[in-house]
Amino acid sequence: MKPISRRLFGKTAAATAAAAVSGISFPGLAFGLPESNPRSLSFPGGFKWGCATAAYQIEGGAKDGGRGPSLWDVFSHTPGKTHEGDTGDVADDSYHRYKEDAQLLKNLGVATYRMSISWSRIFPEGKGEPNPTGVDYYSRVVDELLANNITPYITLFHWDTPAALPGGWQNRDTSKAFAEYAAYITKKLGDRVKHWMTTNEFVCFTDLGYFEGTFAPGLHLAPAQRNQVRHHAILAHGLAVQAIRASTPSGTEVGLAENTVVFCPIMETPEHIEAAQKATRLENGMFITPVLEGKYPDEYLQKEGANAPKVEPGDMEAIGSKLDFVGINIYTPSYVRADSSAPNGYVIENNPKSYPHMFSPWIQIAPECLYWGLRNVHDLWKVPALYVTENGTSSDDIIRADGRIEDTDRIMYLRNHLTHLHRAVREGYPIKGYFLWSLLDNFEWADGYSKRFGIHYVDFKTLKRTPKQSAEWYKTAIAHNAVV
Numbered sequence: 000m001k002p003i004s005r006r007l008f009g010k011t012a013a014a015t016a017a018a019a020v021s022g023i024s025f026p027g028l029a030f031g032l033p034e035s036n037p038r039s040l041s042f043p044g045g046f047k048w049g050c051a052t053a054a055y056q057i058e059g060g061a062k063d064g065g066r067g068p069s070l071w072d073v074f075s076h077t078p079g080k081t082h083e084g085d086t087g088d089v090a091d092d093s094y095h096r097y098k099e100d101a102q103l104l105k106n107l108g109v110a111t112y113r114m115s116i117s118w119s120r121i122f123p124e125g126k127g128e129p130n131p132t133g134v135d136y137y138s139r140v141v142d143e144l145l146a147n148n149i150t151p152y153i154t155l156f157h158w159d160t161p162a163a164l165p166g167g168w169q170n171r172d173t174s175k176a177f178a179e180y181a182a183y184i185t186k187k188l189g190d191r192v193k194h195w196m197t198t199n200e201f202v203c204f205t206d207l208g209y210f211e212g213t214f215a216p217g218l219h220l221a222p223a224q225r226n227q228v229r230h231h232a233i234l235a236h237g238l239a240v241q242a243i244r245a246s247t248p249s250g251t252e253v254g255l256a257e258n259t260v261v262f263c264p265i266m267e268t269p270e271h272i273e274a275a276q277k278a279t280r281l282e283n284g285m286f287i288t289p290v291l292e293g294k295y296p297d298e299y300l301q302k303e304g305a306n307a308p309k310v311e312p313g314d315m316e317a318i319g320s321k322l323d324f325v326g327i328n329i330y331t332p333s334y335v336r337a338d339s340s341a342p343n344g345y346v347i348e349n350n351p352k353s354y355p356h357m358f359s360p361w362i363q364i365a366p367e368c369l370y371w372g373l374r375n376v377h378d379l380w381k382v383p384a385l386y387v388t389e390n391g392t393s394s395d396d397i398i399r400a401d402g403r404i405e406d407t408d409r410i411m412y413l414r415n416h417l418t419h420l421h422r423a424v425r426e427g428y429p430i431k432g433y434f435l436w437s438l439l440d441n442f443e444w445a446d447g448y449s450k451r452f453g454i455h456y457v458d459f460k461t462l463k464r465t466p467k468q469s470a471e472w473y474k475t476a477i478a479h480n481a482v483v
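All the letters of the sequence shown, read from the start, carry residue numbers 0 to 483 under numbering that gives the first Met the number 0.
Honestly, the hints are just simulated from the structure, not real lab data.
Check each hint, because a few of them may be wrong.
Label-pair distances were calculated between CB atoms; the ranges are [claimed, not checked]: (1) Glu270 to Asp395: 18 to 28 Å; (2) Ala305 to Gly65: 37 to 47 Å; (3) Glu316 to His479: 16 to 26 Å; (4) Gly344 to Thr407: 18 to 28 Å; (5) Pro360 to Ala221: 51 to 61 Å; (6) Ala245 to Pro165: 35 to 45 Å.
Below 25 Å or equal to it, Euclidean Cα-Cα: the simulated SDA-like pairs (lysine to any residue) are [to be verified]: (7) Lys105 to Gly167; (8) Lys352 to Asp378; (9) Lys474 to Lys186; (10) Lys98 to Val382; (11) Lys381 to Val73; (12) Lys277 to Glu267; (13) Lys302 to Asn170; (14) Lys321 to Leu462; (15) Lys294 to Pro355; (16) Lys321 to Ala245; (17) Lys294 to Lys186; (18) Lys309 to Gly167; (19) Lys474 to Lys126; (20) Lys187 to Val382; (21) Lys175 to Lys105; (22) Lys175 to Ser249; (23) Lys381 to Thr461; (24) Lys62 to Val382; (25) Lys431 to Arg191; (26) Lys460 to Val73; (27) Lys47 to Lys309; (28) Lys431 to Pro222; (29) Lys463 to Val89; (30) Lys474 to Ala423; (31) Lys186 to Gln224; (32) Lys98 to Arg336; (33) Lys309 to Phe459.
C-beta: ideal position from N, C-alpha, C; glycine also.
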């Protein structure tokens, strides 16, 4: 194939139409701006740039301040469950170094910070008597962020289920306990925190924890039991939405952070785009679809048959509680092609072994997933606002003799993903902000400390934080409000 002439990138309507029909996407054509304009990939004023973290991954202080153990404390201390037996006992020690981490955020120039609260710091037993020391800690963290002009977006649950709760997510009572926790802590912090997310990534604490067994608590339940765990998880979300609205002032915004399976059309033609949307709805039929529709898809219930979850009166009304925004965590895609002979009219393509990937093999390099992940959710459910609540990658960081830390592959990943985010913004999708995962290298769940996702390098022996090249890149992008 001959090299494409640079003159194409001046873009004419005819060239755009030709590209759309062919399904081929070129950077200059995708955005309709001349490549000579250095700010051609600018975002609108007020777009919110941020970073994201999770309590168990960064806080440490596992036994400090009255915190009770979580299922991840138990799991990580079980031999053979995490890389080299790594635990979150110390992690980044952000429990004691939160002011230092707030300065890292301030130096980046971010306007927002997505963090989570450790449920068992607030209720060491998961319910019952609250722990005032835990409440005071998060109150100080919030005040520190606000003092540095950083708006907190708080996730109430990022997988660290209190170990004291009988049966964990197998028990319907855990959903009710979660709602009680949500009501209590949002009332305590709701005078200063106006943006709340209930849960993070249903599949990771349900299927991976109770079916595949690779995450806490490491169980291998039968399909019917797994589906009931799934139901309890989304019920907890719905009950928490109701609890937050009853406990906080008007103007508080409530959403969630969900990692829908992102389906990209194999080609950008109408039939494949329609197939990708259909797959988004049906293949996420146990989580985001009932949350946004207030019911399970018929196809999901038929597929599960006798294993379908048991639903009690009022459950679906709670699960379908209205949201102010939807956060989507996006890292990597699946591809779909239309096939009228397939049961649901589409086939999910399996990416070949040769597919390029990042240091974590599960992160395949396909930046268009950011565009399609957002577009499909909005086109299906017309949500009022969208956030990218996680996007980032691990990297095999190179430490130079002069102390510089190079992670050009992470910069490549971020630059390309933000280019496709810009496409979605330009096309008018209501995307309000982007949270980069992650501010710091941290405890990466079952991978322990073997995978680094941070834009700040953490020496896990000294806990010193050092900005990587990607931190400088992100800081520059934020300053210009553009892909750079």
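| Should the hint that glutamate 270 and aspartate 395 are 18 to 28 Å apart at their CB atoms be regarded as holding? | Check failed, 40 Å falls outside 18 to 28 Å.
| task | Below or equal to 25 Å on CA atoms is what counts here, so check lysine 105 against glycine 167. | result | It is violated: about 37 Å lies between the C-alpha atoms, which goes past 25 Å.
| message | Check whether the Cα positions of lysine 309 and phenylalanine 459 lie no farther apart than 25 Å. | response | 45 Å, violated
| For the pair supplied as a hint, lysine 98 and arginine 336, is the alpha-carbon distance within the 25 Å limit? | Violated, at about 49 Å.
| said: Hint check: lysine 175 vs serine 249, CA-CA at most 25 Å. Holds or violated? | reply: Holds: lysine 175 and serine 249 sit about 23 Å apart, inside 25 Å.
| message | Hint check: lysine 321 vs alanine 245, CA-CA at most 25 Å. Holds or violated? | response | 13 Å, holds
| request: Sort out whether lysine 186 lies within 25 Å of lysine 474, counting only the CA atoms. | output: 34 Å, violated
| task | Starting from the hint 37 to 47 Å, judge whether the C-beta atoms of alanine 305 and glycine 65 obey it. | result | Holds, since alanine 305 and glycine 65 (Cβ atoms, about 44 Å apart) stay within the stated range.
| Regarding the pair lysine 294 and proline 355, is the alpha-carbon distance no greater than 25 Å? | 37 Å, violated
| said: Hint check: lysine 474 vs lysine 126, CA-CA at most 25 Å. Holds or violated? | reply: 41 Å, violated
| message | Check the hint pairing lysine 62 with valine 382 against an upper bound of 25 Å on the C-alpha distance. | response | 40 Å, violated
| query | Given the hinted pair lysine 186 and glutamine 224, is their alpha-carbon gap at most 25 Å? | reply | Violated: lysine 186 and glutamine 224 sit about 34 Å apart, past 25 Å.
In this structure, the hints that do not hold are numbers 1, 3, 4, 5, 6, 7, 8, 9, 10, 11, 14, 15, 17, 19, 20, 21, 23, 24, 27, 28, 31, 32 and 33, in rising order.
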